[in-house]
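Number of protein chains: 2
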Amino acid sequence: MPVNLQAPDPASLHPVPGLSLGVAMAGIRKAQRRDLLVIALDVGASVAGVFTQNRFCAAPVQVCREHLGTASGVRALLVNTGNANAGTGADGLARARQSCSALAQMMGLQQEQILPFSTGVIMETLPVERLAAGLPAAIEALRADGWGEAALAIMTTDTLPKAASRQIEIDGQVVTITGIAKGAGMIRPNMATMLGFVATDANLAPELLQVLVRDAADLSFNRITIDGDTSTNDSFMLIATHKAGHQRINSLDSAAGQALRAAVIAVSQQLAQAIVRDGEGATKFITVTVAGGRNQAECKLAAYAIAHSPLVKTAFFASDPNLGRILAAVGYAGINDLDQTLIDLHLDEVHVVRAGGRHPDYLESEGQRVMQQSEITVTVDLHRGDARTTVWTCDLSHDYVSINADYRS
Amino acid sequence: MPVNLQAPDPASLHPVPGLSLGVAMAGIRKAQRRDLLVIALDVGASVAGVFTQNRFCAAPVQVCREHLGTASGVRALLVNTGNANAGTGADGLARARQSCSALAQMMGLQQEQILPFSTGVIMETLPVERLAAGLPAAIEALRADGWGEAALAIMTTDTLPKAASRQIEIDGQVVTITGIAKGAGMIRPNMATMLGFVATDANLAPELLQVLVRDAADLSFNRITIDGDTSTNDSFMLIATHKAGHQRINSLDSAAGQALRAAVIAVSQQLAQAIVRDGEGATKFITVTVAGGRNQAECKLAAYAIAHSPLVKTAFFASDPNLGRILAAVGYAGINDLDQTLIDLHLDEVHVVRAGGRHPDYLESEGQRVMQQSEITVTVDLHRGDARTTVWTCDLSHDYVSINADYRS
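Going down the list, the sequences are from chains A and B.
Going by our numbering, the first residue of the first sequence is number 2, and it counts up by one from there.
Going by our numbering, the first residue of the second sequence is number 2, and it counts up by one from there.
Isolated chain A, as found in the complex (with noise of 0.2 angstroms):
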């Protein structure tokens, strides 16, 4: 059950002008399952990424980093779900694009203009001629209010879909900030989440649109983990259609930089929380907060130990203040000069741990109040500097270890 999370009301999507989305059945893995989705650009929009740090990244991955740079610009994203094209080798890279190759001659576009993307299981042949025979009725759907439709195309082990929308004004102008993500395992994004989707017609410089991307997922999908595994496929994409009216932006740091350069994280951020909140088997929702570092990276280490630990997960899971796991996973984090007598713990508002000790004032009723709740907060003080950090995650249950074993079967 996804924790405080509610499928997204299709009204409240704004289409993105200069963008439309379409979505068919093309039977990849299951029949009578919307696996399909295209989503096309008008001439002129601009396209920036960042992909998964694994060095078994997908075939999708390695020939959208070739198309990317292509000067005839992309005009399409073609995203499959079933199957997501991994562990292919030399076939699996030639699969990818002929897709793409397929999708471009029925577009009158060139192969480079087009991004691939799949998900899905791993290491099985991408049957690249039903999805080419999906590809007809998916351009024939293509539509600007396609938002809900799409998020709901690329769910894979996602219980609900995962959109967020919002608009700004900039120079008195409506600029539209619209994006979808899909989780829902294999979650501890290394640049990006399994496939995550933000689209603009902001008219911004497109050469500020990489730097835009990075930030964005830096403070969203690069600040949660659900069971660790870093995906083979993660891909998190920033479109620019520049059709908004107002004055180009050609810094970030202006007033309508940093007004878009705000909504695109929170767009960025709710979207990666409910990938979070509809974690595999999720029921609770975690904030893990690491302060007093001598630096982000330690804050960072400190905080994914807490939120990798699968004692402290199944605590959570049992609503049980059995807080010394959380001690221990600070403790093997990798911090080697670590003082463990400095160390302060708050869950919520309460005051667990004093001076790397047990708080005297501190009573189990509490903790046990606290972990009950279906959103909780984990603040830990390292005492040695000023950095913090703050990533997301869930808790480990039994219907975590459901899901994973029955996935294939």
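Some hints here could point you the wrong way.
As the list claims (entries may be wrong) - Below, computed lysine to aspartate or glutamate pairings styled on EDC-like, alpha-carbon distance capped at 20 angstroms: (1) Lys31/B <-> Glu365/A; (2) Lys31/A <-> Glu365/B; (3) Lys301/A <-> Glu365/A.
None of these hints come from the bench; they were simulated from the model.
Following the hints, put chain B in place on chain A, whose structure we already have.
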């Protein structure tokens, strides 16, 4: 259910001359449970140990480190279960010292001649009074053939006691090596397991003992993982009573030194593997070998990435040959210049992946057959060097979640 593991036959556990063991019920956490163990050493015994690298190391680990250097020589080890005395700050340190002091007084020793060990729940106050009250019974119970009882007394979530014993001949004299260990969660030793004690009557130069304990730990307890959580209390101790009648061993490279080293490593590996076989919720015993690395370090990175991946572990639980998850883990292991097109993967003798893609002759039914076994070997060849390493792990089952969600309740 432990994987192909039986409780040791007490008669198979050879006494080590110069050492006796006594257990008692102290009611540390629960009544009517043997939770206290004293190991008494004759004058002249040597002790060396390796301890957790967790920076939140427990109070007894800190006291052990201090006492190991004592000139008067260690004469007793004091072990309690039910309470880890970790995350307990200055008060915990004082209580660890008080427990040593209590035993020292009863045995006519100095406090520094006692090494304390605790295992159990973290961040709770060690009930020193109850512990001290239980000591006379443990001292009363001291006997040379107490290994079987001792293995039972140090269990926490273990379902079976773990002990191993063998005898070798040196200079025509019988030399004994006997040991016990406990698991069964928070197991990703980074020097040692939760608790392991191996003793021998071999007469070896005391200065060699520290070398030998590091070697043995590195090839046994430092090669296992259950859940990736490094405990606050890991301690692995090697005791030599020097009682055997052979000539003193002054080099581990001598024939006698090599024979002793091999036997100590064999006992340590048997204990370490027993911990994995009895891992919390384990249904399968998995041997992960990574070969063809440039060095041991990168082989270990890849082997542990596989062994820690919740997705790999749930696939083993499900007997599902969803083997792309293994490739994904190798990909994110942190080997930055890894070339995925070189990689081979075998499951037992079945060749699953060649050159980074599915082997053309691989049949899913063959993978399925191996996955259904209770013992499985995963072999990854990186094809970039000659180094190789092996680690042992288990699967991730519903019972792991149940055990850790219920542990304190």
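Straight-line alpha-carbon gap Lys301/A to Glu365/A, limit 20 angstroms
violated, 28 angstroms
Holds or violated: Lys31/A with Glu365/B, Cα cutoff 20 angstroms?
Judged against 20 angstroms, a Cα distance of about 19 angstroms means the pair holds.
Between the alpha carbons of Lys31/B and Glu365/A, is the straight-line distance 20 angstroms or under?
This hinted pair holds, its Cα atoms lying about 19 angstroms apart.
Hint check: a violation occurs at hint 3 only; the rest are consistent with the structure.
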